[in-house]
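Work out the full structure: start from the sequences and follow the hints.
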Amino acid sequence: MTMTDPTETILRLLLGAVLGGIIGFERQSHGRPAGFRTHLIVSLASVLIMIVSDDFYRMSTLNPEIIRIDPARIAAGAITGVGFLGAGVIIKSGLSIQGLTTAACLWIVSVIGLAVGSGLYVPALTAFLITFFSLWTLRRVEVKVPRLTYKILTLTTEPKAKEEDVVKVIKEAGANIANIDYEMDRAKNETTYHLSITFKNKKVISAILERMSELSYIKRFYLRG
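With the working numbering applied, the sequence shown corresponds to residues 1 to 225, in that order.
Worth flagging that the hints you see were computed from the coordinates, not collected in a lab.
Be a bit skeptical, because a hint or two may be false.
Stated by the list, open to error - Restricting the straight-line Cα-Cα distance to at most 35 Å, the calculated cross-link-like pairs of lysine-lysine (DSBU-like) are:
1) LYS188 x LYS203
2) LYS200 x LYS171
3) LYS171 x LYS202
4) LYS171 x LYS144
5) LYS162 x LYS202
6) LYS144 x LYS188
7) LYS200 x LYS219
8) LYS188 x LYS162
9) LYS160 x LYS171
Claimed, not checked - Label pairs and their in silico Cβ distance ranges:
10) ILE130 x GLU172: 24 to 32 Å
11) TYR121 x LEU100: 25 to 33 Å
12) ILE130 x ASN179: 37 to 45 Å
13) ARG186 x ARG37: 51 to 59 Å
14) ARG140 x THR7: 39 to 47 Å
15) GLU214 x TRP136: 39 to 47 Å
16) TRP136 x ASP181: 41 to 49 Å
17) LYS202 x LYS162: 23 to 31 Å
18) LYS202 x ASP181: 21 to 29 Å
19) LEU100 x PRO123: 18 to 26 Å
20) ASP5 x LYS202: 55 to 63 Å
Predicted model, so just to flag it, every value in this text is computed and none were measured.
Using N, Cα and C, we set each Cβ at its ideal position, and we do this for glycine too.
Quick look at the structure:
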């Protein structure tokens with residue numbers, strides 16, 4: 001058994017870099033923190049890891065009584081390492097989470113790199129095409145699909161205001177209330193409500209804010225999430 005041919009090794013590294021770079025370019029074009037260079041390097045590293053793992057296995061077959069190597073262990077280590085990178089690009093802001101798609105891209109790029117490093121070109125190219133299609137084409141479809149939006153509405157009212165009044169205003173604006181908490185401040189003589197609201201139509205936000213500004217018993221309010 002011999003080691004991987006140098007020419008084939010170079011071709012695998014180049015192919016892995018190209019595939020990873022293309023996916024990274026798509027991420028970078030949308031302003032994501034892990035872009036072209038990150039995806040390229042992750043894919044390139046995965047290809048190299050698999051080549052090294054494969055060569056170690058081939059060398060172990062020359063002396064099976066002395067050297068025993070599991071080629072899957074090195075590859076598994078690569079996936080574990082990518083998990084830390086993926087965690088680094090996930091950002092939680094209020095009720096929304098950003099970076100999940102980029103984290104998934106880093107993971108699939110690593111797997112594609114491992115496939116290229118193993119010489120499994122058809123599965124690698126197929127996975128790349130499906131990934132590329134989902135990022136460029138399905139994104140446009142996803143935007144058109146109505147989705148539920150979550151927001152936190154905090155408002156402070158005078159004591160005369162009742163919880164039923166607040167709930168009625170929110171529902172009249174077209175939003176649903178998922179959860180409601182409130183606290184009373186006797187020193188300031190006011191009540192503060194924290195409401196988790198959901199809605200699909202973006203016009204609901206302006207409707208809520210307009211309605212809040214019209215009510216005299218509401219001292220202040222703000223929307224976040």
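Status of each hint after checking the structure:
1. LYS188 x LYS203: 33 Å, holds
2. LYS200 x LYS171: 13 Å, holds
3. LYS171 x LYS202: Distance ~14 Å between LYS171 and LYS202 Cα, so the pair holds.
4. LYS171 x LYS144: Cα-Cα ~25 Å, so holds.
5. LYS162 x LYS202: 27 Å, holds
6. LYS144 x LYS188: 46 Å, violated
7. LYS200 x LYS219: It holds: about 27 Å lies between the C-alpha atoms, which stays within 35 Å.
8. LYS188 x LYS162: Between LYS188 and LYS162 the Cα gap is close to 17 Å, so the pair holds against 35 Å.
9. LYS160 x LYS171: It holds: about 20 Å lies between the C-alpha atoms, which stays within 35 Å.
10. ILE130 x GLU172: 24 to 32 Å: 45 Å, violated
11. TYR121 x LEU100: 25 to 33 Å: 29 Å, holds
12. ILE130 x ASN179: 37 to 45 Å: 38 Å, holds
13. ARG186 x ARG37: 51 to 59 Å: Given a distance of about 58 Å, which is inside 51 to 59 Å, the answer is holds.
14. ARG140 x THR7: 39 to 47 Å: The hint (39 to 47 Å, Cβ to Cβ) holds, given that ARG140 and THR7 are roughly 40 Å apart.
15. GLU214 x TRP136: 39 to 47 Å: 45 Å, holds
16. TRP136 x ASP181: 41 to 49 Å: 42 Å, holds
17. LYS202 x LYS162: 23 to 31 Å: Between LYS202 and LYS162, where Cβ atoms are some 29 Å apart, the hint holds.
18. LYS202 x ASP181: 21 to 29 Å: 25 Å, holds
19. LEU100 x PRO123: 18 to 26 Å: With a Cβ separation near 24 Å, LEU100 and PRO123 satisfy 18 to 26 Å, so the hint holds.
20. ASP5 x LYS202: 55 to 63 Å: Cβ of ASP5 to Cβ of LYS202: about 57 Å, so the range 55 to 63 Å holds.
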